[in-house]
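Counting from 1, position 224 in the sequence shown corresponds to residue 224 in the numbering used here; the numbering is continuous, with no gaps.
Treat the hints with care, since some could be wrong.
Below 30 Å or equal to it, Euclidean Cα-Cα: the simulated DSSO-like pairs (lysine-lysine) are [unchecked claim]: (1) 251 <-> 331; (2) 138 <-> 108; (3) 39 <-> 99; (4) 99 <-> 117; (5) 246 <-> 265; (6) 99 <-> 138; (7) 251 <-> 117; (8) 99 <-> 72; (9) 265 <-> 297; (10) 72 <-> 39; (11) 265 <-> 168; (12) 251 <-> 265; (13) 251 <-> 168; (14) 246 <-> 331.
Per label pair, the in silico range of CB-to-CB distance [stated by the list, open to error]: (15) 182 <-> 251: 27 to 35 Å; (16) 114 <-> 328: 15 to 23 Å; (17) 25 <-> 52: 33 to 41 Å; (18) 97 <-> 65: 27 to 35 Å; (19) 116 <-> 141: 52 to 60 Å; (20) 97 <-> 147: 21 to 29 Å.
Simulated from the structure, these hints should not be mistaken for lab results. Even glycine gets a Cβ: it sits at the ideal position worked out from N, Cα and C.
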Amino acid sequence: GVAQVIPIGGEVRQFQVQPDTVRMGDLGITHEQLEAALKGFSGNTSGGFLELNGREYLIRNLGRTSRLDDLKNLALTARGGQPILLRQIAEVTFAAAIKRGDAGFEGKPAVILGIQKQPTADTVGLTRTIEEALVGLKASLPAGMEAPQVTFRQASFIEASITTLQGKLIGASVFVAVILFFFLGTIRPTVIALVAIPVSIFITALVFRWFGLSINTMTLGGLAIAIGGLVDDAVVDVENILRRLKEDRTKPAAQRMNLLALVAKASMEVRSGILYATVIIVLVFIPLFALPGLEGKLFVPLGIAFIVSTLASLVVSVTVTPVLSYWLLPKMKRLEHGDT
1 GVAQVIPIGG EVRQFQVQPD TVRMGDLGIT HEQLEAALKG FSGNTSGGFL ELNGREYLIR
61 NLGRTSRLDD LKNLALTARG GQPILLRQIA EVTFAAAIKR GDAGFEGKPA VILGIQKQPT
121 ADTVGLTRTI EEALVGLKAS LPAGMEAPQV TFRQASFIEA SITTLQGKLI GASVFVAVIL
181 FFFLGTIRPT VIALVAIPVS IFITALVFRW FGLSINTMTL GGLAIAIGGL VDDAVVDVEN
241 ILRRLKEDRT KPAAQRMNLL ALVAKASMEV RSGILYATVI IVLVFIPLFA LPGLEGKLFV
301 PLGIAFIVST LASLVVSVTV TPVLSYWLLP KMKRLEHGDT
């Protein structure tokens, strides 16, 4: 998920060769010879190929090394059959490369790493994975080096926005519950209608998981927009069932309908209206999928979340709501006046 890591500050270790010009003159080594030898040091070269049993095998000379002694023993030329080594005419050590910029943190020298993610990577998940890797890195740091600290965390903004939206969802659910109870006036119909909210959100989460979609700020925003509409279909269904039950209770016992048939009939009476209303609401959000560029990337997840949750509420209203109405509404103590 990491696209690139940009380091700022710190020092880069490299080989450093400090030639002794007097010694070079004594041994007859020119600067051109020294430069040519250093350029050819520690390089991988090709050795052609080898044919064996009808197959070709590539030959490579692996000469790259990071050992200081290998550089010290680099042969520059030969005099009298004896090689002249680099350590004879120069001091060879490890040293820091010339700095072209520096970094600090809280007044101390520091190495700052800018980690950029791939466009398709999950920011929150990748951030947590990197933080786990940093914890393991702490144990292997040399003495005198402080543990890595995260100074800018993009995932924190996403997590904060998700937490805020989750709070808004809970608050909106409570507000919807209060409004439903105010207008329905009884507990049981309110509970039946409110069941549509968690069940619809659960179905939406299952659909997202099935298609590999992520729960992010925009999808939660779509759920927040739809939260009030998730109970619409269920309210219409349960209110009509409750009305038919009240009408049936006013009849003599011999003329009353079978309870299951009554609930089914009352639910079917409003089913077409519920279906058409839901389809119209869904059609309103279809144009979001035609948005190009950045706008489309932002608002398409919102539209998906809204449409999926709205369709899920329709499914709940024609399946779960009638069943709960069948079990809960007839048991109301005073059906004709409301539940106490």
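Evaluated hints:
Restraint check: the Cα-Cα separation between residue 251 and residue 331 comes to about 17 Å, which is no more than 30 Å; the hinted pair holds. A threshold of 30 Å between alpha carbons decides the hint, and for residue 138 with residue 108 the separation of about 18 Å falls inside it, so the pair holds. This hinted pair checks out: residue 39 and residue 99 have alpha carbons roughly 22 Å apart, not beyond 30 Å. For a cut-off of 30 Å, the pair hint linking residue 99 to residue 117 stands: about 27 Å separates their Cα positions.
Under the criterion of a C-alpha separation no larger than 30 Å, the hint pairing residue 246 with residue 265 is consistent with the structure, at around 14 Å. For the suggested pair residue 99 and residue 138, the alpha carbons sit about 26 Å apart, so the restraint of at most 30 Å is met. For the proposed pair residue 251 and residue 117, the alpha carbon gap of about 69 Å is over 30 Å, so the pair is violated. Distance check on the hinted pair: residue 99 and residue 72 sit about 25 Å apart at the alpha-carbon level, within 30 Å; holds.
A C-alpha spacing of about 44 Å is found between residue 265 and residue 297, which places the hinted pair above 30 Å, so the restraint is violated. Straight-line distance between C-alpha atoms of residue 72 and residue 39 comes to about 14 Å, which keeps the hinted pair within the 30 Å bound. For the proposed pair residue 265 and residue 168, the alpha carbon gap of about 37 Å is over 30 Å, so the pair is violated. As the CA atoms of residue 251 and residue 265 are separated by approximately 17 Å, the hinted pair is consistent with the 30 Å bound.
With a CA separation close to 45 Å, the supplied pair residue 251 and residue 168 exceeds the 30 Å bound. Between residue 246 and residue 331 the CA atoms are separated by roughly 12 Å; this keeps the pair inside 30 Å, and the hint holds. Distance hint check: the CB atoms of residue 182 and residue 251 are about 30 Å apart, consistent with the given range 27 to 35 Å. The hint said 15 to 23 Å for the Cβ distance between residue 114 and residue 328, and at roughly 58 Å that hint is violated.
Checking the proposed 33 to 41 Å range against residue 25 and residue 52 shows it is violated: the Cβ atoms sit about 50 Å from each other. At about 18 Å, the beta-carbon gap between residue 97 and residue 65 misses the expected band of 27 to 35 Å. Remark: the range hint 52 to 60 Å for residue 116 to residue 141 is contradicted by a beta-carbon distance near 23 Å. Evaluation of the 21 to 29 Å hint for residue 97 and residue 147 yields a pass: the beta carbon distance comes to about 25 Å.
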